[in-house]
Every structure is written in structure tokens, then in C-alpha cells.
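Novice: What follows is each chain in one-letter form.
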Amino acid sequence: MKTTILFFGALAEASGTLKIEIKNIHDTETLQIQLIQQYPVLKNKTFRIAVNKILINGKQQLNEGDTIALLPPFAGG
Amino acid sequence: MIEKKRHKVFMQGPISPQFIADSIAKHSTKTAIGAHDIFLGQVRSDIKDNKTVKAIEYSAYEEMAEDKFFEIREAAFSKYNLICMHIYHSIGVVEAGEICLFVFVSSKHRKDVFEACQYIVEEIKTTVPIWGKEILEDNSIVWKENI
Chain U
1272 MKTTILFFGA
1282 LAEASGTLKI
1292 EIKNIHDTET
1302 LQIQLIQQYP
1312 VLKNKTFRIA
1322 VNKILINGKQ
1332 QLNEGDTIAL
1342 LPPFAGG
Chain X
-16 MIEKKRHKVF
-6 MQGPISPQFI
4 ADSIAKHSTK
14 TAIGAHDIFL
24 GQVRSDIKDN
34 KTVKAIEYSA
44 YEEMAEDKFF
54 EIREAAFSKY
64 NLICMHIYHS
74 IGVVEAGEIC
84 LFVFVSSKHR
94 KDVFEACQYI
104 VEEIKTTVPI
114 WGKEILEDNS
124 IVWKENI
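If you're matching them up, the sequences are chains U and X in order. According to the numbering used here, the first sequence is numbered sequentially starting from 1272. According to the numbering used here, the second sequence is numbered sequentially starting from -16.
Treat the hints as calculated values from the structure; they're not laboratory data. Please read all numbers here as calculations on a predicted model, not as lab measurements. Keep in mind that the hints are not guaranteed to be accurate.
[To be verified] One-sided and incomplete, this derived list gives chain U residues near chain X with beta-carbon spacing under 7 angstroms:
| no. | residue |
| --- | --- |
| 1 | F1279 |
| 2 | G1280 |
| 3 | A1281 |
| 4 | K1324 |
| 5 | G1336 |
| 6 | A1340 |
| 7 | L1342 |
| 8 | P1344 |
| 9 | F1345 |
| 10 | A1346 |
| 11 | G1348 |
[Claimed, not checked] Here are some of the chain U residues that sit facing chain X, going by a computed Cβ distance under 8 angstroms:
| no. | residue |
| --- | --- |
| 12 | L1277 |
| 13 | P1311 |
| 14 | A1321 |
| 15 | G1329 |
[As the list claims (entries may be wrong)] List time: in silico BS3-like cross-link candidates among lysine-lysine, alpha-carbon distance up to 25 angstroms:
| no. | chain 1 | residue 1 | chain 2 | residue 2 |
| --- | --- | --- | --- | --- |
| 16 | U | K1314 | X | K116 |
| 17 | X | K116 | U | K1290 |
| 18 | X | K(-9) | X | K13 |
| 19 | U | K1324 | X | K9 |
| 20 | X | K116 | U | K1324 |
| 21 | U | K1316 | X | K34 |
| 22 | X | K37 | X | K108 |
| 23 | X | K108 | U | K1324 |
| 24 | X | K116 | U | K1316 |
| 25 | X | K31 | U | K1316 |
| 26 | X | K108 | U | K1316 |
Beta carbons are placed, not taken as given, at the ideal position from N, Cα and C, and that holds for glycine.
Construct all of the structure, not just a fragment, from the sequences and the given hints.
Specialist: Dropping the structure here:
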């Protein structure tokens, strides 16, 4: 199972990453643990998660082909 | 004659006063309108770490942001009695003093446009995935956060 992870704003800058693919992660909680291991710089950052462009709260199951976005606090306007 | 077509919100760089003036002028043929309200967001030269902000570089999760803008439009049309609505937001670098957000709502009467304009701006600030990197006078950066 493959999912795409997108990094934005301060998270993209801190991790030096815009996009990665991760295999065999089945929920957002496990994903967060793995991401923090892979990118320790994310540990103290505030961000929300969107799955397929929808913001989620808490743990969510992931499916093949999902796009997960890591969204730091918004600053539009 | 309610206008609901989906147009692109993001504009590269600042939103020019001429573009805003032209948008107003285009409404002269829509004579059912009796009230317009406009909100313009302008980049502020705040002081951060004792340095002046000279510009903001905006970035966005554009696909999600366009969906959010569309949801805001739909919600505003259903909540308020509007004739038309336009939203434009900058992407890329906008210097202090330049316009980065243009919200333009029109209706028969003032009450709907006042309330709709405020609603739309608040929704944009809190629900649309847009980020602003403040560029300081010495080219160091600070990530902006809406409060």
C-alpha cells in the first residue's frame, strides 16, 4: 500500500522536503510516529493533517493512493 | 441573475489597484445591485526580531485551497442574499503596502454585503491552507500565523 505525503510552509522548509511516498502505513497515527522518526525537526511543530484535501481530527484509516498533507497554521489574507 | 461560476482565486504577485478598479467598473451593467462591499488585505511592515517586514511570500496547497474557496462561496451565497461575489488572493511575493487579498461582494442592500464580506474574510483566514513567509529587511524569514 502506497500513500503520498505533502509538506507545506514551515514544515517543507524545516524538513527540506515537499513530497514523499510511504509504503504500508495504514493510519494517520502510525504515519505521524514514522514521520517524526524520519524528520525529527517535525517534533515540535504545530500542524494539522488533511487526507485527500479534507482536514481530519484524531486517527484515521488510510487507503491505497491517499494523499496526506501536513498543514502548519494558516496565514492567508 | 446569481453568478456562481468557479473562477481561479490565486493571482501571481500583488493585486493591482487597477485590477480592483476594473472589477468595480465591470459591475456598472448589473443594475440590480444597490450595494457593494470590498475588503482589501494589505501586507503590513511589522517589526519582527527588531527588523522590518519588507514582503510576504505566499504559498498554498492550491488544490485544497481552491476547494475551500468554493465552499466559502457556496456557503456565503446560501447564507446571504448576494448577487455576485469575487475572491482573489495573491500567491508568491507581495511587498509591504501592496494588496494580497481582494474580496468583493454585491447585493441589493447594504446589510447582506457587510455581513457576507466579514464572514468570507474570517473563513479565508481560518480555513484556507495558505502560508505566508515574512521576508525581513536583512532577508531572514519568519513564518506568519493568523490569530
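Novice: Now tell me, hint by hint, if it's right for this structure.
Specialist: Now the hints, each set against the structure:
1. F1279: holds (6 angstroms)
2. G1280: Holds. Min distance 3 angstroms.
3. A1281: Check passed: Cβ of A1281/U comes within 4 angstroms of chain X, closer than 7 angstroms.
4. K1324: holds (4 angstroms)
5. G1336: violated (15 angstroms)
6. A1340: holds (6 angstroms)
7. L1342: holds (5 angstroms)
8. P1344: holds (4 angstroms)
9. F1345: holds (6 angstroms)
10. A1346: A1346/U check passes; min Cβ-Cβ to chain X is 4 angstroms, inside 7 angstroms.
11. G1348: holds (5 angstroms)
12. L1277: For L1277/U, the interface hint holds, since the closest Cβ of chain X sits about 7 angstroms away, which is under 8 angstroms.
13. P1311: P1311/U check fails; min Cβ-Cβ to chain X is 19 angstroms, beyond 8 angstroms.
14. A1321: Result: holds, 6 angstroms to nearest chain X Cβ.
15. G1329: This interface hint is violated because 19 angstroms lies over the 8 angstroms limit.
16. K1314/U - K116/X: holds (21 angstroms)
17. K116/X - K1290/U: holds (19 angstroms)
18. K(-9)/X - K13/X: holds (22 angstroms)
19. K1324/U - K9/X: Violated, because 34 angstroms separates the two Cα atoms, which is more than 25 angstroms.
20. K116/X - K1324/U: This hinted pair holds, its Cα atoms lying about 22 angstroms apart.
21. K1316/U - K34/X: This hinted pair holds, its Cα atoms lying about 24 angstroms apart.
22. K37/X - K108/X: Roughly 21 angstroms separates the two Cα atoms, so the pair holds.
23. K108/X - K1324/U: holds (17 angstroms)
24. K116/X - K1316/U: holds (16 angstroms)
25. K31/X - K1316/U: Holds: K31/X and K1316/U sit about 20 angstroms apart, inside 25 angstroms.
26. K108/X - K1316/U: Between K108/X and K1316/U the Cα gap is close to 20 angstroms, so the pair holds against 25 angstroms.
Violated hints, in rising order: 5, 13, 15, 19; the structure is consistent with all others.
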